[in-house]
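S.K.: Here is how the chains run, residue by residue.
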Amino acid sequence: MLLFFLSLIVFVMARLCPGDPLRAWYGASVDRMNEAGKEAARTSLGLNEPIWIQYMEWIKNLLHGDLGISFKYKRPVLEVIESAWLNTLTFGLLSYVVTFVLSFALGKFCASREGSRVDRMICRAGVISGNVPTFFLSLLFILFFAVKLKILPTGGAYSYGMKYNVVNRLWHMVLPVSVMVIGHLWYYAYMIRNLLVEETRKDYVLLLKAQGIPRKLILGKYCVKNILPPMLIIMALAVPHLVGGTYVVEMVFGYPGLGSLSFESALYKDYNMLMALTMITGVVIITANYFAQVMGEKMDHRMKEDEFVEEEEEDGEKEKTISVYRNPGYHTPK
Amino acid sequence: MEKKKKPYLSIVILAIILLSSMFAGLLTPYAPGEMDDAAFALAPCKAHIFGTDTMGRDLYTLVLYGGRASLIIGMLSALIATFIASVYGTLSGIAPKKIDHLLMRITDVLISVPGIIMVIFLQAICGKATYLSLSLIIGATGWMSMSKVVRSEVRRIRNSDFILSAKLMGGGFWYILLRHLFPTFFPSIMFMAVSSIGSAMITESTLSFMGLGLPLTEVSWGSLLSMSQNALLSNQWWLIVIPGLVLVVTLVFLTELGEYLRGNNTRLHSNI
Amino acid sequence: MRKQNLLRVVALATAMTMGLACLSGCGKSATKEEKKEESKKTETENTLVYGSGDYTAINPALYEHGEINSLIFAGLVAHDENNEIVPALADSWDYDEDDCEWTFKLKEGLTFQDGEPVTSKDVKFTLESIIDPKNNSEIVSNYQDIEEIECEDDTTVDIKLKKENVAFLDYMTIGILPEHLLAEKDLATDEFNQKPIGAGPYKLTDWDEGQSITLERFDDYYAGTPKIEKVIFKIVEDSDARLLQLQSGDIDMAQLTPKDAKAYKENNKDGKVYNMKTADYRAIAYNFSGSELFKKYPELSNILSYGINREAIVKGTLLGEGQVAYSPIQKNKFNDDSIEKFDYNPDKMKELLEKDGWKTNALGWYEKDGTELSFTINAMADDQLRVDMANMCAEMLKAQGVRVQAEAKKELDWAGQDACIIGWGSPFDADDHTYKIFSSDAGDNYTGYANKKVDAALEKARTTSDEKERKDAYSEFLNVMTDNMPYTFIAYIDADYAMNGKVKGITENTLLGHHGVGIFYNIADWEIEQ
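Chains as they are written, first to last, in my numbering: chain A, 1 to 334; chain B, 1 to 272; chain C, 1 to 530.
Because the hints were derived from the structure by calculation, they are not lab data. It is possible that some hints are incorrect.
[To be verified] Taking lysine-lysine pairs in the DSSO-like style, the calculated list, with each CA pair at most 27 Å apart, reads:
1. K163/C x K124/C
2. K38/A x K163/C
3. K128/B x K368/C
4. K269/C x K504/C
5. K296/C x K341/C
6. K185/C x K74/A
7. K221/A x K209/A
8. K128/B x K295/C
[Unchecked claim] Some but not every residue of chain B turned toward chain A, in silico, with C-beta under 7 Å:
9. I84
10. G115
11. S205
12. T206
13. F209
14. L225
15. V241
16. I242
17. G244
18. T255
[What the hints assert, rightly or not] Covered stretches of chain A (chain C as the covering partner; in silico rule of three or more C-beta atoms under 8 Å from a C-beta of chain C):
19. 72-82
20. 182-193
Idealized CB from N, CA, C, for every residue including glycine.
Model the full assembly from the supplied sequences, consistent with the hints where possible.
M.R.: Next up, the structure:
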C-alpha cells in the first residue's frame, strides 16, 4: 500500500519535472529534431498519453514483471540494474554491519567510562567526525590513501578484468566503507551510549550491585540485554539513513551501484529506470520501517507486562516509542 | 552529571563567523569576483592571506562572502523546516485520531525516502537554484522528525485549560498556535532547529559538489569545497583546508550549541 | 520465551557480522600481492589501457563524438598525419565534375570483423542510413548533397551529388556499417550499437557497461595487423580521476586538462605529456532564437565580445596552453587574419552599450527599456574547462556592469538557455564545422543564427573547387560574420595527452579535432615498449 503510494508520487513528480526524456534517449541530437519528429518519438515511447494512463500501463507491466526500457541505455531496466544492485547490496550491507559493530563497541566503551576524560574526548571527536560532509571526507581519503600513499584504489568497484574477483572487489570497498562508517559511526554510537547511560540509572542496577556482581558484568550483560529491543529499532530505522549515505558515497567514488544510477536517472529523466530504483529503495526502507514498528509494539507490550512504564495517557503510543529513536541527538548524517 | 556549562566559546565563535560574513564588504580588501590575472592559485601570502584560487580570486574574500550564502541558506531552511513542522505537527496533534494517524503515516513515508533523491527532484521542479529555492527545498525535506516531536507535545497539552479557554474564547488556529502552542513546544524542538541549520549547510555543500547548487558566480562554502577536488591534485592545500576548516568549525560549534539547548535530561547519577 | 528467541537472533546476527568483518580483514592482506601479480600480467600482455569518456551506443553513422569509432570502423578514405586524404577501404577514386559524380573503387578481399566481405552495398547502406531523416543522424548536414548512390559491382560505388561539394572526400572518412547486420533494423535502438562490428583495426570483444570496453586487434585489417594486441577503453570520465589512475598505473594513457597535465608532469618523471595543437575552439554561443534578451537585442553579441579578456582566460584556465580565438577556421589555410578580432577593450564595450541605448540603473547594472542586461552562461558540468571559462567570462562582464551569471549544467537545453560555452572546430576541410553550424537552419545551428550573407558565402565556398575562389569566399564569410557575431570566440585549446613512457608511435604534430579527437588515427602503428 505504501509502496503503491510512493510509486504514484514519484511517477507523477518525475513527469511534472521540466526536462525532456527524449534527451536521455537521443542525446544531443534532440536539438536537431523538428517538432514533428519529437512528437513521433514521444508517441512511440508512450509519453504522449495522459499521466494516469501511463501510470496504469506501468502498473500493468509491473505485475507482469516488466519494468520497461531504460531511455538512456536503451535496454531493459532490469538488465541494467542487474549488476548494480549486487554492488550496492554488498557495499551497503558491509557498511551497515561495520557501522553497527563499531557503534556498539564504542557506545559501550563510552558508557562504561561515562563522564571520564576519555569519554568526553571521544564525544568531541565524534561530533567533529559527524560534521564533516561525506563528499569532503571522501575526497580527503582519496587524496591521502590513493594518491599520496597509493595503497588503495581511487574508485570504481573492481580492477579491469577482475569483475568476478571477490577479493579485488572488497579491496575497492575499503575506502567507501570507511567513509560511510566514519560518517555514521558516532551518530549511532552516541545513541547506544546514551541508552546504556540511561539504563545505568535504573534501580535494578543497584540491586545487582548489592548482590556483588562486578560492574563490567552488569553493564555488559544485564544492561546490554535490556537495551537490545530499542537498539534493534534504531538499527532498523538506520536503514534509510545508510541507504541515503551510500547514494552519495557511491557517486563520489564512481562506484557502479544503485546510487549512481538513481542520480543519473533522475537527472536524465530516465523514467522507467527511476521508477524501478525507487521501488527497490522503497521496499528496503518500508521493510525496515515495518520491522521497527513490530519491534516497537513488542517492546511496549513487554514493558507493560513488566510494569516498567506508568499508565500512558493516550492513543498512538507505539508511534511515540519509535519516534523517540527517530530523533537522535543531533542532525541526521548526510 | 552536573548541569552543562553554558557554551560561551561556541556562541562567541559563531557570532564572529556570523558577523564577519555579514560585514564581508567592510572586511575584505577585494571585491568578491575580482580576478587578479597575475595571481592564479597563489599560496597564502601578504596580499592574499588565504591565498587565491585558480581563477585568481582572493580566497579570504571568497570565504567571507561564501559564508553569507551558506549561513543564509542554513538559517532560512531551518526556519522553513521549523515552520512546516510546527504547522503540520500542530494540525496532526489537534486532529481526530484517524486523521492524526494518517498524517503521521505520511511523515513516515516521507522520512524514509532518502533525502538526496528528494532534493534532486525538487531542485528539478524549481529549475534554477537560488537562495530561496535551495532553502525551500532543504527545508521541505527536513521537517519530518521535528513535526513528530511537535505533534506529541501538542497532544500532551492540547487539553490543558489554557488551550481550551483560548478555544472557547474563539481564538483561531493561527492565534492558538502562535500564542499558546508554539511557546510551549518550542523549547523541545529548539535543539533540532539549531542542528538543522548545520545539516542544511551540509546539504547545500553536497548539492554544490554534485553540481546542483547555486550558480557558479554565487560563491558559497559548498562551492568552495567542491573546488577542492581540483585542488587536491595540484597540491593547492589552502583551497581544501581553509574552506573545509571554516565549514567544519562552524558545524561543530553549532552542534555544541544544539547539544546545550537540548537540555539536561540525564541529571541522575549513574548507579554503576 | 519470546525474549530468549530475540536474544538468540541477535547473537547470531552479531556472530555473522564478526565473521564478515574478519573475512574482509583477511581479504585485505591477500589482495596486495594479487594486485601486483595482475598488473605484471597486463604489462607483458601488450595492452594499452586508455582512460576514456563513457559511451552508451557506438555507431559512426549516428554519433560523431568519440574516439572509439576510428578504432572499430574504417571508411573509404582516411586522414594521414597532416590531415591529408589517403586511401583506406577504397583503393582509388574518380570525380566527374560535369555530373558531380564520385566513383570509389574498393580494395579486393576486404572483410568486416565478423568475416563477412565489405562490399559497395555496405557503403550505399551506410550513406543512406545517415541521410534517412528518421535516424536523426548528428552528421546529416555533411551528406545532404547526395542525390543517388549506385553499386556498379561489388567493389565499385558511384555517388552522385546534387551540386559540387569540395569537402565531400573528407566526409568519406565515415566508418562503413555492415549492411548484413543492420538491414531493415531500427538503427537507433538496435543491439548493434552495443556490439558494433566494422572493418577498423580493432574489434570490440567485451563491453562492461560504464566500466570498460575491451578491443582486440583485427588480424585482417586492410592496412596490416595492428601491433598492440589489446586496447582497453577504461571509462574514467573525470580528468582528475584520470590523473589519479595514471599515477597509480591503472591506465596507460588519457587526455587531461592542462591543470592535471601540469600536475602529472611534476609528479611523474618518466611519464610523458603530448601537448598537441587542435582546431578545437571554445566560444560563448548566444541563443538568438530561444533567449528573450538575445532575440530582441542580437547586436549584443558583437558588443559583449569586447568585454572578454581572452589572454587572461588562456592563462587562467588553460595555463597558457591555448591560443586566443577570433575565427572558427583560424587553423585552416582559408582563414583570413585581417578581420575584426574584438580584442579586449572594456571601454569600447561601454561606449557601444551606451550608444545602443543601455543605461546604468540604480543597482549598477545596464538597462534598456526596462530590460536589465542580465543573462546566464551555462557550461557542461563535466567539462571543468568550460565551467571555468563560463565563470571567468561572467566575472569579467559583471565587472563592467553586465549582470551575468555562470551555471554548470549536467545537460544543456537549448529551449531554455540564454548562452552557453560551446565548442567546435575541425582540423579538416574548412567546410566541416562551418557550413553545418552557421548556415541558417542547418543541422547543428542550435542558436538560431541567421545571416543571408553568411549562407551565401558558405554555399559558394562549398561549391567551388578553385582554391583562390574558396579563399575569397571564406574571407567574405568571416567578414560578414563579424558584422553579426554568432559567438564570442574565446580560445583554441590544446589537447594534453598524458601517458606513461611505454606508448610509442604517436605523431605529436598532428592537428587534432574537436575534444582532441583524432589521436588514434594511426593506432595500428602504435607500440608498447616492453
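S.K.: Is the hint on I242/B kept, meaning its closest Cβ partner in chain A is under 7 Å away?
M.R.: violated, 13 Å
S.K.: Against chain A, is V241/B within 7 Å by beta-carbon distance?
M.R.: violated, 10 Å
S.K.: Are T255/B and chain A close enough, Cβ to Cβ, to be under 7 Å, as the hint says?
M.R.: holds, 5 Å
S.K.: Take the shortest C-beta to C-beta distance between I84/B and chain A; is it under 7 Å?
M.R.: It is violated, given that the least Cβ distance between I84/B and chain A is near 16 Å, above 7 Å.
S.K.: Taking the closest Cβ pair, is L225/B under 7 Å from chain A?
M.R.: L225/B check passes; min Cβ-Cβ to chain A is 6 Å, inside 7 Å.
S.K.: Mind checking the alpha carbons of K128/B and K368/C for me, to see if they're no more than 27 Å apart?
M.R.: Measuring from Cα to Cα gives roughly 24 Å; hence the hint holds.
S.K.: Taking the closest Cβ pair, is F209/B under 7 Å from chain A?
M.R.: Holds: closest Cβ of chain A sits about 5 Å from F209/B, inside 7 Å.
S.K.: If you count the residues of the stretch 72-82 of chain A with a beta-carbon closer than 8 Å to a beta-carbon of chain C, do you get 3 or more?
M.R.: holds (count 5)
S.K.: Please verify that hint: S205/B, Cβ, nearest Cβ of chain A, below 7 Å or not.
M.R.: Holds: closest Cβ of chain A sits about 5 Å from S205/B, inside 7 Å.
S.K.: Just to be careful, I want the Cα atoms of K163/C and K124/C compared with a cutoff of 27 Å; is the pair within it?
M.R.: This hinted pair holds, its Cα atoms lying about 19 Å apart.
S.K.: Compare the distance between the alpha carbons of K38/A and K163/C with 27 Å, and conclude whether the hinted pair is satisfied.
M.R.: violated, 30 Å
S.K.: Let me know if the C-beta of G244/B comes in closer than 7 Å to any C-beta of chain A, holds or violated.
M.R.: holds, 6 Å
The earlier numbered hints that this structure contradicts are 2, 9, 15, 16, 20.
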